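Q: So you can see what is in the structure, the chains are spelled out below.
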Amino acid sequence: MTQHPGSPGWSGRPMGHERLTIGWLQAVRPASLREHHDVYGPLPAARQQSPQDLLDAIAAARLTGRGGAGFPTATKMRAVAGRRGPAVVVANGVESEPASQKDEALLARAPHLVLDGALLAARAVGASIVHLCLDRTRDRQAHAVLRAISEREQAGLGKVAMVTHGLPHRYVASEETSLIRWLNGGEARPTTVPPRPFEQGVGRRPTLVDNVETLAHVALIARYGPDWFGQAGHPDTPGTMLITASGAVGCPGVYEIEAGTLVGDVLAMCDGNSQDDAVLIGGYFGTWHAARDLAHLPLSAPGLRGAGASPGAGVIFALPPDRCGLAETARILSFLASQGAQQCGPCMFGLPAVTDDFALLARGRPDRDVLDRLDRRLGSITGRGACRHPDGAVRMAASALAAFASDARAHAAGRPCRGAQRRGSQAAHPRIPVPAASTAPWTEEQWR
Amino acid sequence: MTPVALGTASTGASALWYATRAFGVVALMLLTGTVILGIAGSARFATAGLPRVVTAGLHRNLSLLVLALVALHVLTTVADGYAPIGLASAVVPFDSAYRGLWLGLGTVAFDMLLAVALTSLLRDRLSYRAWRCVHWLAYACWPVALWHSLGTGTDSKLPWLLAIEALCVASVVVAVWWRLSLAAPGPGRTAAIAGTVLVPLATGIFVYVGPLQPHWAERAGTPATLLHPTTRPGPVGLVTPAGPGGDRPGHDVTARLTLRPRGSK
Amino acid sequence: MAVRQRLRWDPTACTGHGLCADLLPERIELDEWGFPVITGDVPPGLARHARRAVRACPALALQLERAGQDPGGRAGHRAHHG
Numbered sequence: 293m294t295q296h297p298g299s300p301g302w303s304g305r306p307m308g309h310e311r312l313t314i315g316w317l318q319a320v321r322p323a324s325l326r327e328h329h330d331v332y333g334p335l336p337a338a339r340q341q342s343p344q345d346l347l348d349a350i351a352a353a354r355l356t357g358r359g360g361a362g363f364p365t366a367t368k369m370r371a372v373a374g375r376r377g378p379a380v381v382v383a384n385g386v387e388s389e390p391a392s393q394k395d396e397a398l399l400a401r402a403p404h405l406v407l408d409g410a411l412l413a414a415r416a417v418g419a420s421i422v423h424l425c426l427d428r429t430r431d432r433q434a435h436a437v438l439r440a441i442s443e444r445e446q447a448g449l450g451k452v453a454m455v456t457h458g459l460p461h462r463y464v465a466s467e468e469t470s471l472i473r474w475l476n477g478g479e480a481r482p483t484t485v486p487p488r489p490f491e492q493g494v495g496r497r498p499t500l501v502d503n504v505e506t507l508a509h510v511a512l513i514a515r516y517g518p519d520w521f522g523q524a525g526h527p528d529t530p531g532t533m534l535i536t537a538s539g540a541v542g543c544p545g546v547y548e549i550e551a552g553t554l555v556g557d558v559l560a561m562c563d564g565n566s567q568d569d570a571v572l573i574g575g576y577f578g579t580w581h582a583a584r585d586l587a588h589l590p591l592s593a594p595g596l597r598g599a600g601a602s603p604g605a606g607v608i609f610a611l612p613p614d615r616c617g618l619a620e621t622a623r624i625l626s627f628l629a630s631q632g633a634q635q636c637g638p639c640m641f642g643l644p645a646v647t648d649d650f651a652l653l654a655r656g657r658p659d660r661d662v663l664d665r666l667d668r669r670l671g672s673i674t675g676r677g678a679c680r681h682p683d684g685a686v687r688m689a690a691s692a693l694a695a696f697a698s699d700a701r702a703h704a705a706g707r708p709c710r711g712a713q714r715r716g717s718q719a720a721h722p723r724i725p726v727p728a729a730s731t732a733p734w735t736e737e738q739w740r
Numbered sequence: 002m003t004p005v006a007l008g009t010a011s012t013g014a015s016a017l018w019y020a021t022r023a024f025g026v027v028a029l030m031l032l033t034g035t036v037i038l039g040i041a042g043s044a045r046f047a048t049a050g051l052p053r054v055v056t057a058g059l060h061r062n063l064s065l066l067v068l069a070l071v072a073l074h075v076l077t078t079v080a081d082g083y084a085p086i087g088l089a090s091a092v093v094p095f096d097s098a099y100r101g102l103w104l105g106l107g108t109v110a111f112d113m114l115l116a117v118a119l120t121s122l123l124r125d126r127l128s129y130r131a132w133r134c135v136h137w138l139a140y141a142c143w144p145v146a147l148w149h150s151l152g153t154g155t156d157s158k159l160p161w162l163l164a165i166e167a168l169c170v171a172s173v174v175v176a177v178w179w180r181l182s183l184a185a186p187g188p189g190r191t192a193a194i195a196g197t198v199l200v201p202l203a204t205g206i207f208v209y210v211g212p213l214q215p216h217w218a219e220r221a222g223t224p225a226t227l228l229h230p231t232t233r234p235g236p237v238g239l240v241t242p243a244g245p246g247g248d249r250p251g252h253d254v255t256a257r258l259t260l261r262p263r264g265s266k
Numbered sequence: 005m006a007v008r009q010r011l012r013w014d015p016t017a018c019t020g021h022g023l024c025a026d027l028l029p030e031r032i033e034l035d036e037w038g039f040p041v042i043t044g045d046v047p048p049g050l051a052r053h054a055r056r057a058v059r060a061c062p063a064l065a066l067q068l069e070r071a072g073q074d075p076g077g078r079a080g081h082r083a084h085h086g
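Protein chains in written order, with the numbering used here: chain F, 293 to 740; chain S, 2 to 266; chain D, 5 to 86.
Among the hints, erroneous ones may be present.
[Stated by the list, open to error] Derived list of chain D stretches under chain S, where covered just means 3 residues or more per stretch with a C-beta under 8 Å from a C-beta of chain S:
1) 31-37
2) 43-53
[As the list claims (entries may be wrong)] Some chain S residues near chain D, calculated using beta-carbon distances under 10 Å:
3) Ser43
4) Ala47
5) Pro52
6) Val54
7) Cys134
8) Val135
Hints in this document: simulated from the structure, not taken from any laboratory. The structure presented is a predicted model; accordingly, all values stated were derived computationally and were not measured. Heads up, the beta-carbon is just placed ideally off N, CA and C, and yes, glycines get one too.
Using the sequences provided together with the hints, build the complete structure.
A: Quick look at the structure:
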């Protein structure tokens, strides 16, 4: 039973693994400021908690970023706080990963958690402004966030300006340097040129970029302390995290789990099959694995590292048994190839070439050299672009060739794979969500 | 004493005048070559025998040679004081009393060439975009140089010279068309194609109504003193205008040389 | 002083002209799409040729730096979503 204010035995702080998601199942609209304070209590006042106290608490909690890279949050904040001059906080709610919905759910249910966290982060690093970056195609989300901000202004909460921005709906737009370039008036494309964001970001000021879920956790650490934070999760990976489960699971959606929960338990929780299926862990830049290989491993960065996987932004897609992993990979690659910034040759030419090879392989009519060619090309693309877009795509593709090796050999020999063999014997399962690739060439104005 | 006869003095003057015309024409031909090499570079043209570094190197070195030839062209013109052209006219356009407009075009072309060359030599200190912007002036510099040569040059009626200039125009047009064939269709490409038709057409029309018609020297702005010299000798000897269409003797095939020493009847 | 240098290319500026590979084939090869693959550091013996290659790039996409320097922006980036 969920512990919340009003329920008997409410201990004054969330217990168990339900922290960010309190009340989500019952909610039909975003929590108002009053509802938010009813559940979590008030924000610590600035005079009660100095920036140094907050930084120490986050460091003691060992919070890591929830946007995919998993960088220690306190380290990042200290780097920005240590620079001279006023800083800037950027809250990254763009969530351009199609298979991820956790940030969207968080902003739709508990925007005040994110805004609290942003305000606290601004206090910690000495920033006077917070830029909330959202996807500009999500109108309702923007309205909800703006409503929440105006509630706070009316209540007189905090002296930090909060500005929302709508960024282009492109895969690379949510990358850290893309956000900063866009906020500086440029395009939502990654950059190569130093300086790094914590040195000079928006308006040449030291800039902290954090995922909205990370900020939500900051809001709770500030209230309940680092010890409370570590009461859930794993000693190596304290706290909870949001995940998005989709594909061949009975209950797809966003879940809050303790960090370090075993992958098999996670799949069981959303009614998936951890014996027969394959899973794509970490989103489009993640890796494919047989579910049974990962079932006994914790869903965390250190836990999965040995298996060559990473949770990324907590994205799990279970491949239905009647779907061919290579065909799904070809679809993903086609999307990724169209979503590059179109700045660098190896990505612009390499990704479409690899996509074509995968499509040939998946259709079962490849030429003899396709596997060799794929090996060669995949090796030559990594590390030769300005950002990690091609690297991520290549890593995912290479993992598909490994995880579906027998299928690849079957396809290369012109035989059907296990997916085709099982088709028709099971109900059709959804394919991995891939936005329809636009056939029109992207125009420059779509980057701004 | 009789004025200096046509002998040495005017031979000396003519030598410089010949030299300046020669330098000018050769510079124009080599500028044409430079432009074509530049177009080849932008089209990534390369063969086994002509790799990119060769076309790029030739383009660069040829352009420096053009600069040197134009400098000589300017210096010989100024040294040959027949026409009142000062050194300032080399960089200050439309400054000269002699065929102000047409000479000025040459100045403009030279200024543009200097800008292109300087920015290229200082490439690593400039932003790529700035360098590229200035370099595009080359596409303007070349036709301006061509019009300068047709308007100022005293050889503009000569068939062989017109043939050379026509060949230069044709080769640049062909090179540009080849380059455009590799480009994506769009307003830029259409405008460029229009340019390759309009510029030669306008040039041809100009040649027909300008230098090829009588009294061009007069219409072009040759100072009256050079068109109709008085009986007193000029600064380097006494020469008179030849027949219609020219203001300097010695080359105009329709001109006739008349010598009027002072005091003769 | 014999110091090893390193070649670095800017993939956003490079448009695959390929002059670098012409001038320094010992250290630069072109992939199947015409973009450079740098195969090693530049020893003092090749420094002059490397400098020529850097100057020859029409897009100014090639740089020469001392080996051991912090590569700067490229190494500092991840697929960082916050």
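Q: Minimum Cβ distance from Pro52/S to chain D below 10 Å?
A: holds, 5 Å
Q: Does Val135/S hold up as a contact with chain D if the rule is Cβ-Cβ below 10 Å?
A: The hint is violated - Val135/S has no Cβ within 10 Å of chain D, the shortest such distance being about 14 Å.
Q: Min Cβ distance, Val54/S to chain D: is it shorter than 10 Å?
A: holds, 5 Å
Q: Hold the hint about Ser43/S up to the distance rule: shortest CB distance to chain D must be less than 10 Å.
A: Interface hint status for Ser43/S: holds (8 Å vs cutoff 10 Å).
Q: Tell me if the interface restraint on Ala47/S is satisfied: Cβ within less than 10 Å of some Cβ in chain D.
A: holds, 8 Å
Q: Take the shortest C-beta to C-beta distance between Cys134/S and chain D; is it under 10 Å?
A: violated, 14 Å
Q: Against chain S, does the segment 43-53 of chain D show at least 3 residues with beta-carbon separation below 8 Å?
A: violated (count 0)
Q: Given as covered by chain S, does the segment 31-37 of chain D meet the bar of three residues or more with CB within less than 8 Å?
A: Our answer is that it is violated, as 0 residues pass the Cβ test (under 8 Å) against chain S, missing three.
Hints 1, 2, 7, 8 from the list above are not met by this structure, while the remaining hints are.
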